[in-house]
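Trainee: So you can see what is in the structure, the chains are spelled out below.
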Amino acid sequence: MPAVRRAPTGRPVEGRAKVEDEESAITARDVRKSYPGAPPEAGLNGFDLRVAAGSVCGLLGPNGAGKTTAIRILSTLLEMDGGRASVAGFDVRTQGRRVRERIGLVGQYAAVDEILTGRQNLVMFGRLNRLPAPAARRRADELLERFALTGAGTRPVGGYSGGMRRRLDLAASLVVSPPVLFVDEPTTGLDPAARQEVWTAVRELVDAGTTVLLTTQYLEEADRLADRVCMLAAGRVAAEGTPEELKSAVGGDRIEIVFSGPADTQAALPVLARAASGELSVETAAYRVGVPVAERTRALVRVATALNEAGIEPEDITLRRPTLDEVFLRLTGDDRTEARV
Amino acid sequence: MNAAVQPRSAGPLPARSDDSPPLRFARALADSWTITLRDLTHWARRPGTVVVGWVFPVMIVLIFGGLFGGAIEVPGGGDYFEFLMPGMFTMTMLFGLETTMMAVTTDAARGVTDRFRSLPMSSSAVVLGRCAADMLNSVVGLAVMTAAGLLLGWSWHGGAGAALAAVGLLLLLRFALLWVGIFVGLAAGGPETVSAVQILVWPVGFLSGIFVDADTMPAWLGAIAEWNPLTATASATRELFANPGMGADSWVEQNAVLMAIVWPVLITAVFLPLSARTFRKLKA
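Chains as they are written, first to last, in this note's numbering: chain L, 1 to 341; chain U, 1001 to 1284.
It is worth saying that the hints were derived from the structure and are not from the lab.
Keep in mind the model is a prediction, meaning the values are calculated, not measured.
Check each hint, because a few of them may be wrong.
Partial chain L-side listing against chain U, Cβ under 8 Å, derived [as the list claims (entries may be wrong)]:
id, residue
1, E79
2, G107
3, V176
Ideal Cβ placement from N, Cα and C applies to all residues, glycine included.
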């Protein structure tokens, strides 16, 4: 796990809002937002967040958990009903323009002009970011090269593949280097190769000091990219921590054993129960038993020995950490997949 | 994608806002121009769409002037084609509303509007740029219609000053409709809703003095048609071009030029703030 990176924090600027924590690039306190006609859990219900400067925070949650709402509020696109938020030291509500000068936004849908070419798009966004025309053109060419789009730069974006479009979208938000980047579901609908490309690009930005707030439905993505993960459910943060911390929080390590038949499985259950640090989980049809254990390898030896003494030979035995998926399912109360003994 | 890590200094730093009003104004203009250029580039990339937009009203002129015209009599005894052309100029302005609506909705639906709103650019530039491009489009549209009209035998009989004033009134109406288009386009939420609105353009056009004299309609329909803002512009341009006009001598007809100013100003006063508000509070 990389240690939390320190970013070149923005120089002090007059009129900077007082923030509770100088080190955090993004702060949200009790942010609320409801949509007319929608149930309250569709918006945000007391959303709290702190993202350290130079780190990647992954906002994780199912569709409708409020991920996009959070990003839209923090990037000044949407007004909040209540609460406070600051980005790069400026109040989102009252200093929107200063916030917009310091953020980049990569939307869920490629927010580039489909009729213009890739290069025309980048030049336009450069001009709108107040680069003089020659500098905007130079920057456009640089970015096209960096995102492997040089050849496609003269073609209209309408003909780009999903991955190319997302890369152009990313490039468009980097025309000027923003200290804070919001990335809303960057790889939804992309094939694995394109997903890999987007991940590399995001990782490079973070290495260069940008703070990133990333929303995703893919736990793997959060595991790969994020220093810290916030799990969002019904408009508030249900759990927060490093991916490792979250995995430990749902019960730490487990030994998974697969038996060759129902008789072995039944015979093994009392033996395993003695070695377990918690409830066993049994998948009867697959002859699979999950054993939560406190100490990793020592427990593995003990379980193997106990099974051996009982004369039971398992098909397979593995030691594993829980995945973020399990953390997520546990938090959202959806553990129908496991039958409890 | 294995390019070496880009040092942070390689990218230009974001611009910082300078709050002096003249500078902000200059920037708003520069941003608007960038957006206008974007729209003009769209014309160059998709010439078909724009050209069809210019030629379509000419087609309607041919249909009404050539096919239906023979059966329509102008109550004042003038030539129907001379009566129709100023109405069709007005109708061209109304067609422009669709262009605006479609462009605005498409940008909003695709996320382009959100990208603009997340930039430190002047927020009025997005609409001002659109405004400039659409007005330019309508100027070209009017020129095409004028050329077609002249070829087909229409002409103005008043002075050049009056003719220019007529063009001014037409563009004023277009300006007012622009804000309707931006508001509806932003509020619509998708191209599907816009196509529903597009159909409404026709009854609004027919229920006016554009194609026929409101006097020939049943009294209650005629009254609605007379008060239709499109009628005011059509009648005012007929008057200024010295083309045959409607026979009615109601107050609105007598004050067509005045109403051709009042209506667009009223429409702008309602829809400009509405569009600005919707733009700031977009939520889709």
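Trainee: Give a verdict on every hint.
Mentor: Status of each hint after checking the structure:
1. The criterion of a C-beta within 8 Å of any C-beta in chain U is met by E79(L), whose closest approach is roughly 7 Å, and the hint holds.
2. With a least beta-carbon distance of about 5 Å to chain U, the hint placing G107(L) at the interface is held under the 8 Å criterion.
3. At a threshold of 8 Å, the smallest CB-CB gap from V176(L) to chain U is about 4 Å, leaving the interface hint in force.
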